[in-house]
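Participant: So the chains spell out like this:
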Amino acid sequence: MTAPPVAWQRLSPRMLLVHPVHEVVRQLPVLVGSLVLGSATGNNLLAVVVLALTVAFGVARWFTTSYRIGPSELQLRTGVLQRKVLALPRNRIRSVSTDARLLHRLLGLTVVRVGTGQEASGDTVFALDAVRADEVPRLRAVLLADSLAVPDAEVADPGRVLARWQPAWLRYSPLSLTGLAMIAAALGVLFQMSSEVGLEDSQLARSGMDAAQRFGVAVTVAVAVVVVLVASAVLSVLRSLLTYGNLLLRRDAEVLHLQHGLLRVREHTFDMRRLRGGTLREPLLVRLFGGARLDAVMTGVGGAGEASMLLPPCPRATAEAVLAELIEHPEPVTGPLRRHGPAATRRRWVRALALPVVAAAALAALPAPLWAWAGWVVVTGCCALLAADRARSLGHRVGGGWLVARAGSLQRTRDCIAAPGVIGWTVRQSLFQRRAGVATLVAATAAGVKRYRVIDVPAELAWSIAAQTSPWIADTRWASDGPDLR
Amino acid sequence: MTAPIQLADPAHRPSRKAPLVWALGAAIPWGALVIAQVVWFALDHRAPGLNALAAAATAVGIVMFVVVVPLWRYRVHRWDIDSRAVYTRTGWLVQERRIAPISRVQTVDTQRGPLERLFGLADVTVTTASSAGAVRIEALDSQVADDVVARLTDIAAIGAEDAT
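Just so you know, the sequences run in chain order A and B.
In terms of this note's numbering, the first sequence opens at residue 1 and continues consecutively.
In terms of this note's numbering, the second sequence opens at residue 1001 and continues consecutively.
Keep in mind that the hints were calculated from the coordinates and are not lab data.
Just so you know, these numbers come straight off a predicted model, no measurement behind them.
Do not take every clue at face value.
[Stated by the list, open to error] Within a straight-line C-alpha distance of at most 25 Å, the following computed SDA-like cross-link-like pairs (lysine to any residue) qualify:
no., chain 1, residue 1, chain 2, residue 2
1, A, LYS450, B, ALA1132
2, A, LYS450, B, GLU1096
3, A, LYS450, B, ALA1134
[To be verified] Not everything, but these chain A residues come out facing chain B in the computed CB check (under 7 Å):
no., residue
4, ALA446
5, ALA467
6, ARG477
7, ALA479
We treat Cβ as the ideally placed atom computed from N, Cα and C, and that holds for glycine.
This is chain B alone, in the form it adopts within the complex (with noise of 0.2 Å):
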């Protein structure tokens, strides 16, 4: 057997406005909860126990998904290019690294969504012919996301050679 191998973390982190748009992107959806809540509370005076046990599980979850996991996030992501390859980690529970060759690249597409677009971030998402190889970089300023696919462009031979 070879000398085992290891794998440097990538190099860079994703925009620092990442955690702000990611904590937002939370917040709608527990905001709406929240609305709800307090239109049953105000409606409903039968059980003020139950009342009470929803909002602090309602205040438990907006603690953990808009104010921890963003950071936790943060602290997590990272990516990185190089001549031949796309390199990322993600996640925060559960952490993922994923490597892909630059080589087998099929297609390089940038999303905004309409929360990134208004802080000027973009993701990019490099394709394989795997399903299972697609390699997602998060929350980049819109400029870096521009250069990171002018970058992969150019590299990537894109269409010589997919391994199908």
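So that you can see chain A by itself, here it is in the shape it has in the complex (with noise of 0.2 Å):
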């Protein structure tokens, strides 16, 4: 290192007031725990003594935490006990994103998250948690001068909205999982506080045995499944408002800002050269009522997930105008699908109907009741309209310098990507789709989730369409035009 030494930074004077917070609830079974040891055997002392270990720790993470920006490299140290240097290349930083939860809001702080395209977690998160909230635009700034250029006046023009968030828009998250999800999880802690502290037997759960005993176990049950519906309805709005509420997706010249939250805002800033397309999510509930989601193709963002989300559920069409304005071209997003023909569609049927054939056998088998065959009848309609969909879904559309894919049902995709960001192809065949002259072809790229899937295309167009993505395989010495190859 032939440059001058820089100083180590220290993050906000105000995290001393975060980080025990903090600290206290990571350890909230911890102290839970230590109060009922310690009122269990009468010392009180214990949960204190516990208590100041835990608020002292957060402090002293404030004190043993310190980062520095050099001319080439991020540096961050961390760690208590065990100290860490956590060291990036400054020309490998992709992408700055922000996060900042009520407590540090309330403050005034915000965590700054740095971004290089490797997938990090847990400890190798370059985060800075956290710095002053009017710091913020500087150090975006310094942090990505290098890799790429975040315009000067960026308060004074605040570029082109993209989207922005419609109330409207709530109507598709009571369809998401979420709130079941976050249900679970709740009953989950619940049981396991439960056996701690020997919630078994306390009138709660015997009012709902009683209740259950007087009006029978299947009115109970139905009655537990409305309630976890309703709930688990209301809790997604919720959760959806509360972190989309107030989204705005803003262009500025070559870089994008997405920023969300109502509670706790997130800023999420791309670059715009490194994008490579986009991929729009369409699941089974959003899409009945004339929905999706947009994620970002990019490199140096992770494929899928929260990372490269750029809408969340909207209409569709609105997704739909958003990704056509990013990537400059409405054929990719909008235009017709090339279907994949009767092979294609065949196989989508067997695969659905193998486990309902499957199942009859074993029905016919053994003497099954009349119920079992109902639910028969019922899952085998299920299925088929599966394979109905799935047929109907699979397309693909090559030229222009574009590959679309489009597949699945319960979790419909149409990847747009863009033919220079693909670095290379594979053509897969299982035994059962050489048989049925089929092929998978997979598009690698730097970007995304690096592979992208053209399922089940008839065998002798799929390095037509390769090479119609990638015009250099049509000069390599094994392309010959024709199909009568083999």
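Join these two chains into a complex; the hints should help.
Facilitator: Written out as structure tokens, the structure reads:
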């Protein structure tokens, strides 16, 4: 290192308040446990000591965390007991996102996360937790200076708004499973607590058992299911409102800004030059109501989940318009797709109906009651609908510098990938695919989920699709025109 | 739509020793299983039917994975390089043909496992910026592998453009 050393900087001193609170929340089970243990043994000092230690640990975290932005490297020192230095070359920075939870916001703090495109999780995430919110624009500009040009007049020119959250978007959220997941998580915690505190024979549990005996099991279960579903819908809507309310997607020249969240404010910055396309996601329940989600396909940004999300479930037309505007081509987004033919359709049906056929054989073998056959009919009907929908979804489109592939039913996706981003092709055929004369074409890219599949295209078309997307394939010495080769 | 394009299969086979090395590689875990079963047969005489069933399953597995699969893979595996791309065909039940442009190659590695060293073989892995795009040429004679690496690094202006 020949450059003069840069001073280590500390995080905002206000974190002296936040860290202890977070530690206490994180160690809550231990604290509750020590409280219970203390009251059981008549030694209340134990809980106090544990609490003091936890708070001291939180305070110590501030004193042991520091960062510095060197000329070529970003470094973060952390760890109270186990010291750790995380270093990041500045030219590897691909995105900067910010995140402010409620407590952070009350204190005017923001967490700054630096993304490099590597799959980072847990300890390897480069996060400055936290700096003052008014320092963030400067920090963002410094961090991204090497890898993308942030316009200087960022504040003066707010750029063009691509999408703004509408209350109508809430209509897609009762259908998501997040509410159910939250209820399941809450129940899990409750059960764990109950075994510790002894809730099994509490009044609540006993009154529940009484009700079950009075009304009969079927009614109780039905009521419970309805209550859970309603609660799940309400929770989903509430969560959606809190997470995505006031969402704003804005484009300033080469930079895409996404910010959302009512309580916990999150802000992502994407480099448009790294955009390699987009994925329209249409989960079945959202699709039934004409909705879609939009994910960005970018190098240096994780392919699925929150990191690449551009729009939550919203009207399909909105998602399509935003994607068309981002990639500056409407055809890949809305253009008609080429179907994959009868062999692909047949394979969808065979797969979906294999299980019902086996089940029918089993039911026939052992004398099954009538209700089992009724259930079988319902399940088979669902499988048939699934097969029909999956066959209908399959399609692709090439040309104009874009590869588009659509597949799936419960999670239908339409991937639009820019041809220059594709850096390799795989044609995969299982034994059954060889017999059916179809192949799965996989386009490898450095962006998004890295592999984008075109499922069950006719085998003789596979390389043509690849060559139309990547013209260099036609120039290799293995390429030849005409389908009469094999 | 332009004329449909076909890709001929890659020209070169792996080393002639490849099936032997693959068979030996598969034989080692199966051999361990056979020894474990012999011990079990010697110590436990309560269920001879179960013993026979296990022995039969093991025999079928050995024939399949030590004899059939290596020969099958040898029939399928092919590789080739031209001035623009690396191209392989691999697999047995599921067969893959994979092509990657040399202009986008990031690294060229050779690996030699213990068995492969014993028989003078090497694998060459060509990686691109996509984790889904790595092309692996298996079981080449060491000399051929070295030539392949030299040729690839020659053609590839490595680091010039990798589409990230």
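Participant: When the hints from earlier in the document are held up against this structure, which numbers fail?
Facilitator: none
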